[in-house]
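*Asks:* So the chains spell out like this:
Protein chains: 2
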Amino acid sequence: MTSQEQDPSQRKYRILRETDLRDYLAGLPPIVAQLGGSPTDWSISEVGDGNLNLVFLVKGSHGGIAVKQALPYVRLVGESWPLPLSRAHYEHLALVHQARLAPKLVPAVLHHDGPLALTAMELLEPHIIMRKGLIAGTRYPRFVDDISTFLAQTLFFSSDLALTAAEKKQGLAAFAGNHALCKITEDLIFTDPYRVAEQNRWTVPYLDATAAAFREDLDLHVAISRLKLKFMASPEALIHGDLHTGSIMVTDRESRVIDPEFAFYGPMGFDIGAVIGNLIMAYLASTGHERSPGERASFEAWMLETIEGVWSEFSRKFLALWRSEAKGDGYPQSLFSGEAGAARLEAERQAYMARLFQDTVGFSAAKIIRRILGLAHNIDFEWIADEKRRAISEARSLKLARTMMLEAPSFTTIGAVTKAAREVRNWQPDFAG
Amino acid sequence: MTSQEQDPSQRKYRILRETDLRDYLAGLPPIVAQLGGSPTDWSISEVGDGNLNLVFLVKGSHGGIAVKQALPYVRLVGESWPLPLSRAHYEHLALVHQARLAPKLVPAVLHHDGPLALTAMELLEPHIIMRKGLIAGTRYPRFVDDISTFLAQTLFFSSDLALTAAEKKQGLAAFAGNHALCKITEDLIFTDPYRVAEQNRWTVPYLDATAAAFREDLDLHVAISRLKLKFMASPEALIHGDLHTGSIMVTDRESRVIDPEFAFYGPMGFDIGAVIGNLIMAYLASTGHERSPGERASFEAWMLETIEGVWSEFSRKFLALWRSEAKGDGYPQSLFSGEAGAARLEAERQAYMARLFQDTVGFSAAKIIRRILGLAHNIDFEWIADEKRRAISEARSLKLARTMMLEAPSFTTIGAVTKAAREVRNWQPDFAG
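In order, the protein sequences belong to chains X and B. Everything in the first sequence is counted per numbering that gives the first Met the number 0, starting at 0 for the first residue and increasing by one. Everything in the second sequence is counted per numbering that gives the first Met the number 0, starting at 0 for the first residue and increasing by one.
Note that these hints are calculated values from the structure, not bench results. Some hints could be false.
Which copy is meant is left open, so a pair is good if it fits within one copy or across any two.
[To be verified] Taking lysine-lysine pairs in the DSSO-like style, the calculated list, with each CA pair at most 27 Å apart, reads:
1) Lys182 to Lys326
2) Lys58 to Lys229
3) Lys182 to Lys103
4) Lys316 to Lys229
5) Lys229 to Lys182
6) Lys326 to Lys387
7) Lys103 to Lys229
8) Lys316 to Lys418
9) Lys58 to Lys387
10) Lys11 to Lys418
11) Lys11 to Lys103
Chain X on its own, in the form it takes in the complex (with noise of 0.2 Å):
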């Protein structure tokens, strides 16, 4: 029996408890084959760590899968703060085309239900959330080839170089609902952290000063709203949405990104910049979880070649992928023929990849900038029992932050950032002042 064929009786939203859960699984012959054994030996527990859905890890004889049920509200709030079930639509529309740009670099889906707003997946064992690796120190030699494919992949195949504008259209018009996740995006990385809003918080008292002078910095005030524009108005390509270091899992083999339903076409600089922004403060984070002054000093520099390595390499296959596999309406082959044809279009592929590093060091330094004054924190920061020291990487993370969102032509390669990251490491802020 698939879903298609169940009782109509049990195709409407309810939320999941274990027991029903199984119940509902036993019904689905693939998920039983997968799990093996009988379901009423079956381990189910839900690990919830995310903070809008139910997430439950089933366990059988055989195998495992995971099964995130959306909620009709924001977990991480409740029931006062809404939010449509049609997130689990787009995830699953998502991972789909992920699934079929970057096969092995995404959870393979077992099976979905659009009513329960349900989708069951591989289990990933035993990876961890890449975040807590990189606070334990954990180098990942997978990660810049892994993440390079995911986001070189999806985004090229997903934009006007390599659909007809009438694929694109429709792609764009499959995802246009899903307007409440990027209203979250919208109101909580492109505007709350920069003005006076009840959820915002921040590491006091030592930031006071610095949160008091972001909401009253009018330049970085237009430079957020360019931003925010940018995001609401520039579908370049499908992206994940909110591509942080706490959705992807890896072990030292291998990387999955999970969770793409922030997913809508929007600008690719803001995949990018998610990864990128989030490993930055993965790397002046690092300091706070030290034991002894310089015993991170070696994965500090992998983290620094880390993220050199994922924009290098992304900007590599990117342009790979374009110089072999442009058949969208982008850029026709037929007006750049010939040696100098091909040489100008050349020219023009470097003058594109210049204009997304900008977007990307923007995007990256209004994520960084979120986690530290708006509502949603990361534990890069968080887990650093020492305020005074959570502070120090915090400030330093926002003085980058500032300068990448206000100067970013300054910032012409990923070295520049690296370099001016360096420096900030080592900057110490004077919480007096």
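Could you slot chain B onto chain X? The hints should help.
*Replies:* Only chain B this time, still in chain X's reference frame:
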């Protein structure tokens, strides 16, 4: 009996002939009331001066209507070039949007039939197509005020400055299906004039060398490709999409914008550029229509004032709306509070308009080039019977357009554009060269 209640057999698409149309309209009470008299006495004539559709003028004893029916192919070319009937749906949607925002500047819709791809509108009488009036040297004192209101109102109120991001995405999705019409623009404006294409034509032999030069000019190919990408992936507002002087009907007392079947969410500069590019062509064609040298000097001076007025009045009205009606998610007021915030936001508004002007200059140029080297020409030039005189006006237009497209940032004011137009007006091309 409304269209919803008709016999279902009548609700399938069929191409209406005059007698079918009479029977069909006789079943629509609001139409019968508008026309007056007995249906058998109505006069029906198919005027069909568009490139795509059937257009009937129907007159009764009391009043008249215009009826537009889409054909499943491009009328100008025939059944070998199919085109979806759905364009009538998008045209109707756009007319409703425009009627709400610019109520007296579009024809009132009296009836729409989706399956028949048919719309009945008020008959515009004694309006004439503006392009014809300009060829005759007629001035339209209401035009600048009307078209600038139309542009400011329709563009501002469908932009991120006036809408929430959710409303904007809903609108965008509603028009995403109109991609076949967009594709015509992408091919005929943004690609074909710059490459060998069977449908291209130009005034031979005079423009042979120029046409060849445009096909080889890689700077132009980069510039037009950037504009094409902007057209495909910058949904700034619901644009008309084909706003040339053949889509505007005028008297000396009013102006109406017709035929928005190319409507979709695209860059605002494309609409403004369409108006300005077509006015520039009317200005540079003017000398071709004079019977004695200098005869049309004061008309030409009015044309230049009109070009300046379109941008400056559009800009003034758009800015005024932004100051008073900014209820959208873009540039949130809360980030620009207080006197300093208001001043900074005002400076950013000016910067936004400067960027929009650059787009406008580029799109104006693209609209000029396509009318001289592409498939669809315009009667401003075509009605200059002496081919050499025609070619002189066209060569001047191409020279100006090339400069506008390649050096758009050097045109910082509309005055710089009219100055360049005035200068090129007296340039003598050397067709021997």
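*Asks:* Would you list, in rising numerical order, the hints stated earlier that this structure does not obey?
*Replies:* 2, 3, 6, 7, 9, 10 and 11
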